[in-house]
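Colleague: Those protein sequences? They're chains A and B, same order as listed.
The opening position of the first sequence corresponds to residue 508 in our numbering, with each subsequent residue numbered one higher.
The opening position of the second sequence corresponds to residue 481 in our numbering, with each subsequent residue numbered one higher.
None of these hints come from the bench; they were simulated from the model.
Mixed in with the good hints there might be a few duds.
Okay, the calculated bits of chain B under chain A, using three or more residues with CB under 8 Å as the criterion [stated by the list, open to error]:
hint, segment
1, 598-604
2, 821-831
Below 30 Å or equal to it, Euclidean Cα-Cα: the simulated BS3-like pairs (lysine-lysine) are [stated by the list, open to error]:
hint, chain 1, residue 1, chain 2, residue 2
3, A, K628, B, K764
4, A, K589, B, K564
5, A, K565, B, K562
The structure presented is a predicted model; accordingly, all values stated were derived computationally and were not measured.
All C-beta atoms in this analysis are idealised placements derived from N, C-alpha and C, irrespective of residue type, glycine included.
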Amino acid sequence: MASSSKRDDLSGVTIYEALKERGFSRRDFLSFCTLITATLALPSTFVSKVAEALERRKKPVLVWLEFQDCAGNTEALLRASKPTVGEIVLDILSVEYHETIMAAAGHQAEKSLMDVVKNQKGRYIAVVEGSVPMGDGGVYCCVGGRAAKETVKEVCGNAMATLAVGTCAAYGGLPAASPNPTGAVGVTQAVPGVPVVNLPGCPVNVENITATVVHFLTFGSLPPLDSRGRPLFAYGKRIHDNCERRAHFDAGQFVRQWGDEGHRKGWCLYEMGCKGPETFKNCPTVKYNEGTSWPVQAGHGCIGCAEPAFWDRMAPFYRRLPQPPGFGVESTADKVGAGLAAVTGAALVAHGIGRILSGGKKKEEERR
Amino acid sequence: MSAVENALGITIPDNARIIRNLITGIQYVQDHVIHFYHLHALDWVDIVSALGADPAKTASLAQSISDWPKSSAAYFRGVKEKLKAFVESGQLGPFSNAYWGHPAYKLPPEANLMAVAHYLEALDWQRDVIKIQALLGAKNPHAQTYLVGGMAVPVDPNSQNALNAGGIAFISGLARKAHEFVEKVYIPDLLAVASFYKEWAGLGGGVGNFLAYGVFPNDNISNTDNLWLPRGIILDRDLSRVHPVDHTKITEYVTHSWYEYPDGDDRARHPWDGVTDYKYTGPKPPYDFLDTEGKYSWLKAPRYEDRPMEVGPLARMLVAYASGHKRVREVVNHVLKTLGVGPEALFSTLGRVAARGIETLVTAEMLPVWLDELAANMKRGDLRVHNGERWDPATWPKEAQGYGWHEAPRGALGHWVKIRNGKIVNYQCVVPSTWNGSPRDAKGRRGPYESALLGTPVANPEQPVEILRTVHSFDPCMACAVHVVDPEGREVTRIKVV
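If we strip away everything but chain A, and leave its shape as in the complex, we get:
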């Protein structure tokens, strides 16, 4: 139990208190902390540190912006289970702006956003869903007559940190696919130099959002990122290396036709075009919808949706990858990616920011 003297701010309700009011027992709370610790790939000794942080912290203010998006990541947020969306939106965070779920509209809605930018400068978390069109003065996405590229600059530029959720916000996604008529880019390219954590995926695994937020609250810093701005705890390994069907790949047992014996028996989908060997994400462990399933489990190959420029690089989805990947799990995103496409300037920028946010060179060296 947190004593009030340990709180950061006496005026507000802490996250633990808010959860208690909603009927969380101490046991529920600790099991939530354990889950978050596990998702973050931290040793179990960190559970108490996570718990302490949540007992002490006031609910952080969060604003959620939608630009060139389909609200798929908002839908993913609604499916959150541990904690539930109700707990996230009402207890753990104070979500002051979210076009899809907020009750207010029009001037009043925009006022909520501007109030946060003004009154909580440097203290709020911004979440961006959807890409930002930079072409032709930003006319391809305006909210309330204002170009998305201006809004994202102001809101993310004044935030404590920004999460780019889903592949569109992280790398431009579908709107940025060739020929990219609107000049769509991800947040890092739209607002160079601000701290951004990319959580790509179509949609994002909502557990990875929660874990990133809690990491931030617990350790006061963003989690270590890879060269593409993705947290290592969720994007540190290839799908192929964690895949439940890996044994069938190693044994040479492949699905050859949809619905054939191998398909029914859960053999490897490599021959059907699976992009697991080139995709870095924790799908095989966190899955989707409270661990119900994920593409490979359901019977369809990975399409590489968490990788930059995936519509252009990963298509055709059903053509087998040209080189059978090696057996090692030691490959990094950089090594695999280098064989796929030239490293863009944006990725290099992201790399630099990732290093600063994860504690600079020193921490990165420790990891090696």
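Given chain A, work out where chain B should sit, using these hints.
Modeller: Positioned in the frame of chain A, the structure of chain B alone reads:
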């Protein structure tokens, strides 16, 4: 995908059709409930007023309309206390800056408290029941098991890596849970709320023409007209006739849209010949106004035989009702009788909200029926999920064209494709929100949203909750802007409907 199947003449296996019906079915049920409670209810329900509710009276109200077990005074007291603590914390989050206390809110505090409780319950419920789609589609949202020619979900009672008896039981349990909530919470709430807002049965009617492609095929032929919810068109609110749908009569204008056609913007084009050459002519952002005399929208203006058409649950239910669909007629008549109104009340904002609820109930009832069909096939040893005859593009004709029809939760969705030498040369989507949110066409005819807002009384132009009610009733898939202008033409307020 259906468009490509149509172009290449592919018939999908029975199991693929049933799995698609189950995925679409649970999507309707879950999506409609989310729309009602989480995207639309707060236009009718005043959260702050719920703080003044008497929990015991709330329990009596809840028990009088349903035998849903979570209805005790203690339960509602708990909800009220949580709400109170939340409001007193000063961090109102997504509920801040709304129109609480507006005179257009008519529910007594007890009905408001009941609705708030069910808002929270529905949040948990939707997460659970949509796992049907996660199991059959790999994830929700964005199912990833659809293939041209079938589904990538293997079925096999003798495999632990395919849909087996365990999977069927999992779906069955969730389908029961889905139906129970709709029957015992959503429908009673809908009727209770509607009874306080009957004047909305006379407002927000719109264009009066309705288009439904129909959905839930009973056989496997591409674009079959053997559908559980029928295809058809209703014109000028005349429920005595259902007209057939002919895809060649569908065209799109860009007269008021930021696109240009090679032969001029006043002529409409069929989607096979559709052109999407964008040309923005609006003001430079930031701006306050769009000039509606010129081009003012990114949406094209779809028309059927040159008429604007409303699509969505109301269109589907009206076409089914007028076609004599037995179950739809029963439920529609029950709802009309309970509210004491006639069928003409359906052509309204309230009718749109009611139709969505009616469709949710009848669809939830069908989930176990489709699941039984799938299990019966598996029992017979029919394990086919995909027709691979045309999987290899080398088997395709040099040229092909096709169209595919579907009913998304928010309305009629059509895709048109032209294929040459194994590649797509034109692909056009005519989606529900372009039908409903359509700008005006070359002859100045308004689309459904614009028409529906004509004549809406607005008590306080600074807080136009009445506008939100009608626009939200369509379940728009976007944020759109509505400007309220006073009789002298001055802008009074501008609201973004999200």
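Colleague: Give a verdict on every hint.
Modeller: Against the structure, the hints come out as follows:
no., hint, verdict
1, 598-604, "holds (count 3)"
2, 821-831, "violated (count 0)"
3, A/K628 with B/K764, "28 Å, holds"
4, A/K589 with B/K564, "24 Å, holds"
5, A/K565 with B/K562, "18 Å, holds"
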